[in-house]
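Colleague: Sequence:
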Amino acid sequence: MRAAFYDMLGEANKVFKVGEVPTPIPTEGEVRVKLKTSGVNPSDWKARQNGRGGKLPFPLIIPHSDGAGVIDMVGRGVNEDRVGKRVWLMNGQWGRPYGTAAEYICIESKYVIDLPDSVNMHEAACFGIPFMTAHRAVMFDGPISDQTILVQGGAGAVGHYAIQVAKANGARVIANVSSEKKVNYAQEAGADEVINYKTENISERIKVITDGIGVNRIIELDIATNGPTYSKVLAKHGTVILYGTSKVMANFEAADFFFKWASLKGFIVYTISDAQRKEGVIALNKMLMDNSLETIIARTFTLDNIVDAHEMVGLANHIGNVVIDLN
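Following the numbering used here, the numbering of the sequence shown begins with 162 at its first residue and continues without gaps.
Hints in this document: simulated from the structure, not taken from any laboratory. Computed from a prediction, not measured in an experiment: that's the story for all the values here. Treat the hints with care, as some may be off.
As the list claims (entries may be wrong) - Dumping the calculated DSBU-like pairs for lysine-lysine here, alpha-carbon to alpha-carbon at most 30 Å:
| hint | residue 1 | residue 2 |
| --- | --- | --- |
| 1 | K328 | K426 |
| 2 | K426 | K271 |
| 3 | K195 | K246 |
| 4 | K408 | K397 |
| 5 | K216 | K359 |
| 6 | K421 | K368 |
| 7 | K393 | K359 |
| 8 | K328 | K368 |
| 9 | K246 | K447 |
| 10 | K195 | K271 |
| 11 | K421 | K439 |
| 12 | K271 | K207 |
| 13 | K328 | K439 |
| 14 | K426 | K246 |
| 15 | K408 | K393 |
What the hints assert, rightly or not - DEER-style ranges, computed between Cβ atoms:
| hint | residue 1 | residue 2 | range |
| --- | --- | --- | --- |
| 16 | S340 | K195 | 12 to 22 Å |
| 17 | N174 | S364 | 35 to 45 Å |
| 18 | T386 | G238 | 37 to 47 Å |
| 19 | R237 | S453 | 33 to 43 Å |
| 20 | E241 | N488 | 41 to 51 Å |
| 21 | K421 | T461 | 42 to 52 Å |
| 22 | I186 | S340 | 40 to 50 Å |
| 23 | V244 | R163 | 19 to 29 Å |
| 24 | G212 | K421 | 32 to 42 Å |
| 25 | V369 | M450 | 17 to 27 Å |
| 26 | S453 | Y358 | 19 to 29 Å |
Where is the CB? At the ideal position from N, CA and C, for every residue including glycine.
Make the full structure from the sequences, and use the hints.
Modeller: Now the structure itself:
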């Protein structure tokens with residue numbers, strides 16, 4: 162099969178190769194998916210650039226954890242009825258060397274979810290990391306009806322979904338973004354209020370928006386950058402749900418934090434429980450059936466242009482998701 166792969170860490174244009182690799186055969190409990198699309202996420206270029214702790218975890222890596230396609234073969238113990246099903250998948254390259262930047266992938270059946278006929282494969286390649294992270298972050302600490310939620314990075318792939326999930330569950334949503342173009346994008350996703358942190362003071366603006374009370378929950382993509390604002394923007398008993406950071410170390414005003422009885426909770430989407438994954442899938446399917454979920458594709462690339470795809474995601478100045486078309 163054709164695949165994109167690398168056997169050393171570094172810049173995309175220096176390490177990527179596209180060529181033939183052995184076509185996998187599913188083992189017990191696995192399905193094989195004939196892939197149509199592969200989603201490119203920030204974690205993919207970061208893993209290619211820096212690996213895990215600066216080391217290449219496997220001798221050869223086919224990147225990307227998200228994708229969509231059709232099941233064409235199943236391993237022992239998997240119902241044959243799954244063959245021919247349109248599906249999307251997650252965790253394709255988590256803890257394993259071969260992800261979705263290829264014509265085929267074999268992966269444990271539980272990570273492969275049936276896709277409604279009304280949803281196209283390009284959109285489906287964005288459900289794994291972006292939607293499932295957004296859903297888990299928003300719903301991490303229980304019901305949010307009538308709460309005020311701050312979504313950091315409200316124009317990012319996760320943030321865009323987080324706004325929609327929060328609104329679908331009855332929250333008032335404030336989004337934090339970095340440009341006027343992104344302000345409009347977050348508003349279109351359903352945010353009640355949008356702050357451009359490049360031109361506005363987030364602490365002062367939230368104080369006005371919430372009548373001095375603060376927000377009940379923060380959906381956080383970068384604690385290292387945003388941590389210093391927590392004591393000023395959180396309500397009493399507020400919670401920060403952390404799914405990312407730009408640096409290993411982060412600072413925030415601890416005294417004000419615990420005087421507010423605030424809490425900090427973190428997770429990574431790859432290791433959510435089976436029950437949490439099922440909850441996310443149910444929520445996703447409901448929004449798809451209600452036609453209330455918007456997925457924006459910024460650009461589609463071919464497998465041969467995977468370098469350009471990674472460079473675009475690395476620059477992070479686009480709006481929407483980046484997808485590889487494998488047809």
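Colleague: Taking the hints in turn, state whether each one holds.
Modeller: Structure-based check of all given hints:
no., hint, in the structure
1, K328 <-> K426, "21 Å, holds"
2, K426 <-> K271, "26 Å, holds"
3, K195 <-> K246, "10 Å, holds"
4, K408 <-> K397, "27 Å, holds"
5, K216 <-> K359, "35 Å, violated"
6, K421 <-> K368, "15 Å, holds"
7, K393 <-> K359, "18 Å, holds"
8, K328 <-> K368, "21 Å, holds"
9, K246 <-> K447, "19 Å, holds"
10, K195 <-> K271, "17 Å, holds"
11, K421 <-> K439, "33 Å, violated"
12, K271 <-> K207, "26 Å, holds"
13, K328 <-> K439, "20 Å, holds"
14, K426 <-> K246, "37 Å, violated"
15, K408 <-> K393, "22 Å, holds"
16, S340 <-> K195: 12 to 22 Å, "39 Å, violated"
17, N174 <-> S364: 35 to 45 Å, "41 Å, holds"
18, T386 <-> G238: 37 to 47 Å, "46 Å, holds"
19, R237 <-> S453: 33 to 43 Å, "39 Å, holds"
20, E241 <-> N488: 41 to 51 Å, "26 Å, violated"
21, K421 <-> T461: 42 to 52 Å, "45 Å, holds"
22, I186 <-> S340: 40 to 50 Å, "47 Å, holds"
23, V244 <-> R163: 19 to 29 Å, "22 Å, holds"
24, G212 <-> K421: 32 to 42 Å, "38 Å, holds"
25, V369 <-> M450: 17 to 27 Å, "38 Å, violated"
26, S453 <-> Y358: 19 to 29 Å, "28 Å, holds"
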